[in-house]
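Q: Chain by chain, the residues:
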Amino acid sequence: MRRTAVALTAVVLVLSTTAGCGSLQSSATEVGGERMADDRPVRDGGTLTVALNADPDKLDPSLAQTLVGRTVFAGMCEKLYDVDQKGTVVPQLATALPKTSPDGRTVTFSVRKDARFSDGTKLDAAAVVTSLLRHRDLPGSARATELAPLDSAVATGPYEVKLTLKQPYVPLTAVLADRSGMVMSPKALKTYGKNFTNHPSCVGPFRFVERVGGDRIVLVKDPKYYDAGDVHLDKVVYRPIPDGNVRLANLRSGDIQIGDQMTPVDVRSALTEPELQLFNSPSLGYQGLGLNVGNVKGLGEKPGRIDTPLARDARVRAAFELAIDRRLINKVVFQGMYEPACGPISPESTIAPGVTASQCPERDVTEAKRLLKEAGVKTPVRLELKVSTTPEHSRLGQVVQAMTNEAGFDVSLRPTEYATLLEETDSGDYDAYLSGWSGRLDPDGNTASFLKTQGAMNTYGLSDPKIDDLIDRGRTEADPAERARIYGELTRRVNDQHALIYLYRQKNYVVARKDVAGLRVYGDGLVRVKNAGYAR
Amino acid sequence: MTLTQPAESAPSAEPPKATRRPGLPAALKLRAPRNPMAAYLLRRLRQSVITLFLVSVVVFAGIRALPGDPALALAGEERSPEALAAIRAEYGLDDNIVIQYGRFIAHALTGDLGTSSRTGLPVSDAIAEALPVTLELAALSLLFAVVLGIGAGVVAAVRRGRPEEWLANAVALLGLSVPSFWLGIVLVLAFAIAFPVFAASGYVPFGTDPLDNLRRMVLPAVVLGSGLAAVVMRQTRAAMLDSLSADYIRTARAKGLSRREVIGGHALRNSLVTVVTVLGLQLGHLISGAVVTEQIFVLPGFGKLTIDAVFTRDYATLQGVVLCTSAAYILINLLVDVAYSVIDPRIRLGGAAR
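Listed in order, the protein sequences are those of chains A and B. For the first sequence, our numbering begins at 13 and goes up steadily by one. For the second sequence, our numbering begins at 872 and goes up steadily by one.
Here chain B stands alone, though its shape is the one from the complex (with noise of 0.2 Å):
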């Protein structure tokens, strides 16, 4: 699990501004619609496509510059040159790499992505299976996060000081530093095994059987979310200490707000935008795949089938993962950009920012 933990140090009193990415050059802003919204999502669209065509064109090549190929790994110990030909034949793998790149590129448009060279299955059949998965852990993993995260970030805040603080400190840093690995077999040994509540293992479609469901995503959940409350926590802290240290808490004290209407109503409220911006950054790694936890919990999930499609080669899996991830990314990055507005009305859109 890759955790990127994001500098402490707190912002400013201002809120982050919600237009940080360099905009297109004027003569394109000037066709756009006058709803500022409209325009925003407009512009945020094209650079999205720029992105994935780049996305594809780096993931296309990457794949084909490792040593190996699906013919190769497939084949494995068993390998004949004869088989080894026919599947390179089958696949298109001795055409030129350019007129490779087309024939994918106009596949995807038609969103058929081809079938795994492993498998013989369709691609977008593995994607719509592993996707559920991935959604559902990462939401689990970003609620437990979030309950967690923000509910020690403001005590840690409001206790400044007093042993609540040093506790919840030792838990995010235990968050952070114990391996996910290590952690999920422990668990397992603790709640699978020794006192069975949960499953070790697998995963039941939330359609199927809800219960079933939660008692096998729960402790991958908790896996995959520990190091993310952490995060939450540490981020939720610094936050929340310069809000309350802010004019505007005094005022609302001054004027006879209760202390519950004073931490939740207005220090939470602004010490949100923070951590919406960690929290966003981080569900795309969470949907990019848990590799670590998927493994342990055996969980078909995204992170599964992209490295199970790395080591075997298996180009048309991996180029449809990596372009559904980089959709996903590109989507939740609006959403939270969306979502800033919604927390701090202060924050416009489009160019009233500016």
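Next comes chain A alone, as it looks inside the complex (with noise of 0.2 Å):
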């Protein structure tokens, strides 16, 4: 076991040089800096082929829960609001930002008089509340926690919406800009029913036409789109690829034009292409390492008491974090093409609380010994560490394993299939597991199921009362530099647990062929084909 820590401890320290030498490589493989969006003219017509690295789930907007399904959403369904390239939430099918009344609880907002549904109906305020309604009360809709505060909705003129709600709640707009604000055809629902999903109608830049399950999902021009005079391509394809390699192979024979999702080691070939372009977009989400700190009875119940060390002592969790160096993860595990990171909220979210991958700690091997003496336990510190069967998280598990073996801890890697981690890390069944977050706009989005007591996907165990507090007072403060300071302590206080380690954000990576023009990619990491089409 020793003899194996060491040998992949020079793994990393040869792995890490060269990966210092790549950067000092010639400028045709370097990424560069954000790219977000291509505004080359556009030809009308032709069909554009995306790959998706998964089949997307439901197309129903009330119940879909996949990143990739929100991308064929991006063509389709369009919502109330929108993000911008800046982050920023813009109207949509809204005409404006919403008017909050004083006391928080009453929140107006008018829709377009113009748009018209891909099956030929009217949008109009009625619409907007069946749809929120449905969203919210839907039984298994994936919606229900993030509308749970909307009290009522009711339509007060043609195309003006009323929303009253329990208690203020400021992430609202920001819940309006992802599938929550999503407008679906009222008549359609009505014939569809539950099988909306396989009929879906909404106001989009393009219409369904079928789906071949785990093959294709294809979506023509919807003349009828209100900005259809800025819609160019006919016809836009979706298809699974699951596999990298298959899918730059697919962008270089030009079976596919865009490949989404791309992990560094593909997109590092695909700069040598020179038929091939980058874009790439900061990440609303995290990626980091969950600690068990008392989840005993499963998800929703409440905290108990595990008798580890890690479990038992603050001190040992903050060790292991010491003897973990997320610069050299960064640049041996992702090729440098992530950033790293140590807090839930990324620096792209509306709010900004200012803890910046700069303020991370730096790797202290000596302190982090002495935190271990200091706790009085004994070395080595026995864990095992759950990773999922990519090879991205096999290198990540092996590093952390490599690095914390140095300051006394002995983890055992165990990769486990996705619906069995799920199971087991809901269950309390661990003591360590990769744990990630795709992030939403709103930091509440990134912070409060998983760190507020007994939270819907608090697997930790975590619970902390100030957090608590925290997280209830971000919720329904108004002013964003208040806001922002909350979040800052928030941060601060839940590295302090050591429960939950913020390790390095992804970047949107998304590959796309030469001749394809006004794509866009923002940090939301959808592909957004609206504008999209064969360069002129």
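Calculated directly from the structure, the hints in this document are not laboratory data. Glycine included, C-beta positions come from ideal geometry on N, C-alpha and C. Just to be clear, a hint being listed does not mean it is correct.
Stated by the list, open to error - Cβ-to-Cβ under 10 Å is the rule here; a few derived chain B residues that face chain A:
no., residue
1, Ala942
2, Ala944
3, Arg950
4, Glu1000
5, Ala1001
6, Phe1052
7, Leu1060
8, Ala1063
9, Pro1171
10, Phe1182
11, Thr1188
Join the two chains into one complex using the hints; note that each chain is given alone, in its own frame.
A: Have a look at this one:
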């Protein structure tokens, strides 16, 4: 075991030196800065094929739960609000940002008068109300939690909507800039009911034509769309191609034009191809390492006591964190193409709490050893780290294993298939696991469910009254500066617990063929094809 | 790709018997119709129904024994307790497993295999869409394997000890040992990117555009068929060597038949019984899904459907797919047994061979 660890450390060191040299190489292999849009002029016509890394789930905005599904919705289901290149919320189907009453409990907005659903019916306030209430009330709705504060929604005019909230709920605008803000055709809902997923109808530049499970989703241009003049493509096809190598080969052969969610290794090889171009945007999510500090009975249950050094003593967890070098992980595992991170809230979020990558603690093995000694635990401290079965996670696991070994930890890795991993971590059957989140625009969506006592996704069994209080205050505080202060404090408080150790933030890498122009890739990671087409 | 390589030891000159499986008790046989073919088919049908029933039980219980359920796999990173409970209620996952099984069988008997918990699409549609892909891929790779494998096998046997045999053996060894993932990617790099003759991925139905269909299916068929071709080649070679040394070949030569008639009409025909057995077994594998090949060429066939269903705990889809592949297996075995009697008239069906 020990010899393996030494060998791994050697591998890490060799890799890190080569990675270091890599940054000095010619500019043709450099990723460069952020690139979220391509504004070359576009000609009309053509079909664009987008490869996704998984098959989307249900194409029903109330039930949908995958990131790839959101990308498909970006082509056919517009929302009340959207995000722009800077990560600011802007109106899409609504005409302006919502007006909130002084007590924060009444929200009003109006919607466009010129929008039609793909089935030809008109968008109006009644349709918005129908959709919002369905998102909140449909059994199995994945929107129910984020719309729980919504007490009632009424149409106060043909195009005016009034929402009443149970308590002030500042994240609402950001929530309406995601699937909760998608408006479905009431006629289609009435005709198809639960089967809406196979006949989705929204307002969008493209409308749904067909879906062959596991193979393709086909959308065609909707001539009735209010901004149809700015839509150039005839057709968009989404195809799931899970393997990165295969996606890249298909990009090179021209069978697909866009590859979504490319991994650093694939991006590296794509950079050497003259006919390909790269888009990248910072992500709203985070990736980290979750430690079980009190999850004894499963999610949503009262946290209990776990009698391991790691769960008992925050100093042991602090030592574990200090043994990890975030910068080296980024260099070695991710070719330096992601960002080190030490907080739940991305700098791209609507609220910047001011905890940036440069403030992440440096690796300090001496201090880690001292903390372990002070805690009086017997070394090596043994723990099992559950990782998913992807090559990236297994490399990350090995690097963490090697790094923490030097400070006095003995980590054994257990690669676990995805659904099994969810089951085991939810029920508290783990010591540590690699825990990530794709991210939401509002900080509340990146903190509350994970960090609040008995939160819906608090797999760590974390329970701290101060954290709970900060989450509640962040949710109701309207002043952006004060909110930023609250989330800054929340980040520090969470980091002091060392239960969820934030490690890095991914970037959204999208590779496209050079002849594709007008594409947009923003911080939410979705591929926006509305204005895309073939370059003139 | 899992290719079980059958033992290469050549069977004795006497061809294998058609009735290798144990029959039902004598009491059942008595009531069978007089026509031996009909009786045989009826007996096989009874066995098939029992097999299918057992398969359905094993699959049903097996996937439920895995940790995690459709609700969890579906909810993924966005799981909330209320949504999980609602999904479990919708698919009846909280009910007793026996009740769940009864419901599944009752629906399946009426042809309703349920809807996918992930996509909401009907399972029968998913199977109907994947089946042509898988059948075509299986047929094309079988064709490739038969043409290359039997051709090379005959050459290797007839030109024993000459360079032709070494070459054929070397190619077979390569076919067996090259991983299909690697071969697939290399073929894509060569024939879809460097010399774009074929497409790198995707499926177009033959009826829509035959040429485009073949442009997309040739490379996968070659990748999938290469391992099988090697198996077929070695089987053919061994069986041919055996036949060529048999007495009737000497007789055939002595009565002045041409070399072509001796090899093609007598030696090869007798060797084919073994080869057909191997092909039948391997075709089963091809139908149940060439997972890796389908992954490389992004073909929406059975292999991909099955794997995705396991990972997303899509119970309905997995059950439907496994039932279908089991039925296909049983059917192919039956066809193989019937094929024996066509190739070798000495084999009689029913009781005659015993």
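Q: Decide, hint by hint, whether the structure agrees.
A: Now the hints, each set against the structure:
Because the closest C-beta pair between Ala942 (chain B) and chain A is about 9 Å apart, less than 10 Å, the hint holds. A distance limit of 10 Å between C-beta atoms decides the matter here; for Ala944 (chain B) the minimum to chain A is near 4 Å, and the interface restraint holds. Satisfaction of the interface hint for Arg950 (chain B) is found here, the shortest Cβ-Cβ separation to chain A being roughly 7 Å, below the 10 Å cut-off. Interface hint at Glu1000 (chain B): satisfied, since its Cβ lies 5 Å from the closest Cβ of chain A, which is below the 10 Å cut-off.
Among the interface hints, the one on Ala1001 (chain B) holds; its C-beta lies about 8 Å from the nearest C-beta in chain A, closer than the 10 Å criterion. Annotation: Phe1052 (chain B) was flagged as interfacial toward chain A, and the flag holds, the nearest CB pair being 9 Å apart, inside 10 Å. With a least beta-carbon distance of about 7 Å to chain A, the hint placing Leu1060 (chain B) at the interface is held under the 10 Å criterion. Look at Ala1063 (chain B): its Cβ gets to within about 4 Å of chain A, closer than 10 Å, so that hint holds up.
Interface restraint check for Pro1171 (chain B): the shortest CB-CB distance to chain A comes to about 4 Å, inside 10 Å, so the restraint holds. Taking 10 Å as the C-beta contact cut-off toward chain A, the hint placing Phe1182 (chain B) at the interface holds, the least distance being around 6 Å. Checking Thr1188 (chain B) against chain A by beta carbon gives a least distance of about 8 Å; that is within 10 Å, so the hint holds.
Consistency note: the structure conflicts with none of the earlier hints.
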